[in-house]
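K.L.:
Here are the chains, one letter per residue:
There are 4 protein chains.
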Amino acid sequence: MAKKKLNVGMVGYGFMARTHSNAHSKVGHFFDLEYQPVLKAVCAPEADKTQAFADKWGYESIETDYRKLVERKDIDLIEICAPNNLHHDIAIAAAEAGKMVLCEKPLARTGAEGEEMCKAVEKAGVPNLVSYNYRRVPAVTLAKKLIDEGRLGKIFHYRAVFLQDWTISADLPQGGQALWRLDAAVAGSGVTGDLLAHCIDTAIWLNGSIKDVTAMTETFIKERMHTETGKKQAVGIDDACAFLAHFQNGSLATFESTRYARGHKALYTFEINGEHASIQWDLHDLHRLNWFDHRDESIVRGWRSIHVTDSDMPYMDKWWVPGLQIGYEHSFVHQIADFLDGLAKGKPASPTFREALETQHVCDAVLKSAKTGKWEDVSV
Amino acid sequence: MAKKKLNVGMVGYGFMARTHSNAHSKVGHFFDLEYQPVLKAVCAPEADKTQAFADKWGYESIETDYRKLVERKDIDLIEICAPNNLHHDIAIAAAEAGKMVLCEKPLARTGAEGEEMCKAVEKAGVPNLVSYNYRRVPAVTLAKKLIDEGRLGKIFHYRAVFLQDWTISADLPQGGQALWRLDAAVAGSGVTGDLLAHCIDTAIWLNGSIKDVTAMTETFIKERMHTETGKKQAVGIDDACAFLAHFQNGSLATFESTRYARGHKALYTFEINGEHASIQWDLHDLHRLNWFDHRDESIVRGWRSIHVTDSDMPYMDKWWVPGLQIGYEHSFVHQIADFLDGLAKGKPASPTFREALETQHVCDAVLKSAKTGKWEDVSV
Amino acid sequence: MAKKKLNVGMVGYGFMARTHSNAHSKVGHFFDLEYQPVLKAVCAPEADKTQAFADKWGYESIETDYRKLVERKDIDLIEICAPNNLHHDIAIAAAEAGKMVLCEKPLARTGAEGEEMCKAVEKAGVPNLVSYNYRRVPAVTLAKKLIDEGRLGKIFHYRAVFLQDWTISADLPQGGQALWRLDAAVAGSGVTGDLLAHCIDTAIWLNGSIKDVTAMTETFIKERMHTETGKKQAVGIDDACAFLAHFQNGSLATFESTRYARGHKALYTFEINGEHASIQWDLHDLHRLNWFDHRDESIVRGWRSIHVTDSDMPYMDKWWVPGLQIGYEHSFVHQIADFLDGLAKGKPASPTFREALETQHVCDAVLKSAKTGKWEDVSV
Amino acid sequence: MAKKKLNVGMVGYGFMARTHSNAHSKVGHFFDLEYQPVLKAVCAPEADKTQAFADKWGYESIETDYRKLVERKDIDLIEICAPNNLHHDIAIAAAEAGKMVLCEKPLARTGAEGEEMCKAVEKAGVPNLVSYNYRRVPAVTLAKKLIDEGRLGKIFHYRAVFLQDWTISADLPQGGQALWRLDAAVAGSGVTGDLLAHCIDTAIWLNGSIKDVTAMTETFIKERMHTETGKKQAVGIDDACAFLAHFQNGSLATFESTRYARGHKALYTFEINGEHASIQWDLHDLHRLNWFDHRDESIVRGWRSIHVTDSDMPYMDKWWVPGLQIGYEHSFVHQIADFLDGLAKGKPASPTFREALETQHVCDAVLKSAKTGKWEDVSV
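Protein chains in written order, with our numbering: chain P, 1 to 380; chain S, 1 to 380; chain X, 1 to 380; chain D, 1 to 380.
Isolated chain P (complex conformation) (with noise of 0.2 Å):
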């Protein structure tokens, strides 16, 4: 039975860029699906470089302004994988042309700008994801079913970090292609908008609503060299956040995150507990899952390292044989995966726009707590 064939235009020739072409260059060789990717055209600026990122992964064609290939006829999706400050003006203008748009995270740099995205979408009726690939490590998934089958009964604590140490150098510049992150007016926030808003996501997704947060931010190094004024200008981005939170079904959270705890590289854990059991997760080793029920029988209760390779978890009969563990980049392909077969189906993945405009609520949140010293309530 031959494909459908969805033809993709990708934004962006960097990082996120290689993690979303790997996804659509592997999903096919992996899972049975109605539709097969197509990757039609990648788009940036420089066209040397997007020419050169072209070859490598076998896009058939490069453009240099998104507006043109937001306009051509033979592309089905765009891919934003572009600095946070062009998600906006990006996703409106693929969703005015029809197009469908998978947007990487954070949607926004403010709650603002993600509500006018979302309106785009929904005017349009294109279907429309955000990025937060966390959701698709096998583990999380598994987690996610856990708790909606209720085995942890009543929940009463929620606790996430994400921490980093990469930017601990005074020497390290901000901004340019490779440290856009460091630069407020590109990036929007620091930490918040890249690092908690995957915690964010992914415990709104387990958890539920966030009512109110209590937040502090911090930026250590005051000034950094800009790379593209040559000048040091003042850092405008939160270096470190931590917040506390209640969620609407009353539970507890601590939230922080930091690019300064030194000997974390991506250390992304997130605890639960409820009444009947707890669960762990940590990206460092992402193929476990941490999983303790009181209920077990007292003299062998105790945390089960559950090594998540086994054919019966969430996407592993895809993949290899019990105890041959995947990596970072399979969520991505499993994301993709679930996109196709939602538009199979039409049943769209989660998180579309307007789902994750609730992470960047509580990023408002949490930003504008940090100013007033005082407890926000997300907006709704």
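The hints are simulated quantities; they were obtained by calculation from the structure and are not laboratory data. Bear in mind the structure is a predicted one, so any value in this text is a computation, not a measurement. Incorrect hints may appear among the rest.
It does not matter which identical chain is meant; a pair holds if it fits inside one copy or across any two.
[To be verified] Straight-line Cα separation of at most 16 Å, EDC-like style, residue types lysine to aspartate or glutamate; simulated pairs: (1) K374 with D212; (2) K3 with D32; (3) K49 with D32; (4) K145 with E60; (5) K265 with D310; (6) K145 with E297; (7) K144 with E223; (8) K5 with D55; (9) K371 with D296; (10) K347 with E122; (11) K3 with D55; (12) K231 with D171; (13) K154 with E218; (14) K40 with D65; (15) K5 with D32.
Fit chains S, X and D to the given chain P structure using the hints.
P.N.:
Just chains S, X and D now, with coordinates in the frame of chain P:
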């Protein structure tokens, strides 16, 4: 050389009285000290149970009224292992009678009570100590040493949790000898004074003073049968508490404690992230310290799990051979050894009442912030 | 710069054919190489399944007889992902037809078979490689580097296990496409050739040649239904095998493998102890390497858990960013990258057939010793 | 109720005499027993050191000749904490004098010596025990309970190692009070009698008798200065020993011990794999037991880390509260508690001399096999 005798008058015969009595019994077998404790008397209102305790541990006599105990000429040191609401009066009576005082933590129910206790021991000029025993777990003492040597560089982050799960059942009553920790009138507060006090004491010891905090508390079970009245009564304690903080040195902190974290018995962990190195410790494996040093050669850089059992580790020359672990009780042996050594050298062991009062002030600020919803400064 | 094409003819469409096809598909996206594999043909007796495999992976054509495949002018490289009993004939036919040969491990069922295969490829002068893929897990490659730099000093001990638990049920049949590994006629041996071969290959690579061995084997389930005959037949393979060994360098070793170790899916671990340092690795967390260096300062000495994801780690500059792990499949990508790079540079990748033959000789000695009950020298 | 006194005569004042004296001192504080040990006398040739030991631990008197000690009317129990070469004569003298005997492991240097000791205590009809203390680490006792309840089903595999690294330096001498373990004349053997004896005792206790073995030993440092002669002398002990074994129940085993495994202080681990479940234990974290049960629901199946501190765990109702660990020394407290309880109930604690003799026979077979290079049956 004959040892000097230090006559001990113990108040209480519960869990903590056991840890202290054990420490007195053992210390001379493992440490070479000028002073040898003598278990002179134990005191509590219930004569039968007190006598049974005396028989078991070899106390020479009993008392049923602490006022009589503190007046006895043959007692040098009063140890307070009674519920929190009695600390204040006993300590002041002991000081006024010229006795040394060793008080279980927390020092008091409030900073105000604590301040009066400090004044009493200072006025009397008697040696005094608060039993924050975790300082003297060898791995924690090692952490202190590494930090004091400046190995971490500038400190960015501190995080600590103390997680338990023993009060999740709504059927658990409050009050009485076993469950006074759930009765606010006796305990003063819930997890804040009981568990976070430990976390705060260690944090101040390792990382200096805390400047301000913002906190949330929760009481998940609103009413519990009171064992004394036999009636359902409002629960006045905090079942859970989390707070954000700034240290005076500019570092950020998150603290959390709860008795509703399924799967954790006494999971006290802390982590401190500095410019060059980071440290982690976990009470559930108290004989290990995790250490990460960024100055290690990059291809062999990683978190080290230090098995703190070699004879060059703090206190460990007194025990067994490398690889053979000690446990919880030994922290109390080390504490009394340091107290006795301090007596001999005229250099008091830490934390004195005055030093421990700082933790009380942080607890007060935390509980206040949980009510006001604002950042609160820590009194000095 | 246009790449040279390397036309691949794959024999087999099972699990291993998938790992190799995936490696060919991905290698050009991540590595800059002179050669680009082209999936020219896949070959197996069952035309339907072979065609389905070709469709899924993009093979241009299929064959149903390997003799035809090896004769095709448009094929440069024959990859043998067929059951063990076919390795010998296919490899020799391929070599005689002047094709390069990449053979799944073990090289052969016996040393004698392997010797003939070596002679064939050497006579033909064709590049050849045996797929001991674990050498190219970055953490294992790092171990090799650390050992080769002499950091361990004199080696005293080597220990390895490969533990699985998938054949414990007596209801599992033997034979056929799925279960040929339980059929001695096809597989040659049980865990010895399947699992210990991996352990031995790594061991020789890291620690040099093995001198002699004493072994025991066991077949726990004596009879299993054969899927081809439908009858209960004696099980000829070893379900479990353990052996002691001396290396040529004077170090001692223990090796063990079984498919009856409840709780272990594919627990391949090795440890090597030297005068100065020790190394541990575990396939279940393949992205980590444990390292202990006695030359570390004593109070911070401990096992280090190295998260092998930084860009200065073997192969890791090709993948994502620090902290984000790769998985099992990537070892095959690295393998083909090294093979292609070896072609370009005229320096063959390891292990060649000849190098891999040594593992076969150790397996022969192990199986012989299990029968004689005596120490057996390894043939050279 | 007044307790019966059990008067102890201790032979030795070294490391093991400390563990036993500590056990006697503590047992009455934590266990309710009919008997209370009284530290009556300690005995060793060096009067000064013996007196110092007596002072520290509260022994009422000293002796310098064990023959006098065993004759004393006021002694009920002789404890042998002297080097291995003295076990035989002391035990027999004690038995002949009608004393109970508690002997440190290994029972003797050889099975022949041990056999004579068994006969002596049996002829005298005196209670006797060998101090294989690890049986009474609560996690190990729990393992025994789980196995005895049949939870593992048919057993397939047993593996144990005891790894140390303290004799790697060639500068370490042999002999004398501190290093008699390196002197074959005193110790009998090296790691086999010292460390493997522990592994074998536990193994037999948990998994039944061992049928036959094949072994290798190595002495890495061939000559060491002898502290008594001041001269370099041949080293007669085994620095390392590994062996394969069959148990009577059909399961297979690997055992290994060495003092040349860099990074391991006292890493005694065992694992047992059954049809349904598996167990792991590690002396370096002795308060935990790892448990895997295949009958768990598949999606939440994993190794459980049981923190063996709850009051329903073996011995743990005597100590602190859940989450608070005990250590190495407590295994000796449990041992003496069981011994005293056995006296009261007329049911001797295990292992008696006769039971411990089996370990001696396995050691003999291991050392014999290391010489013959063949499988050797274990004497019965």
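K.L.:
Which of the listed hints are broken here?
P.N.:
Hints 4, 7, 9 contradicted; others consistent.
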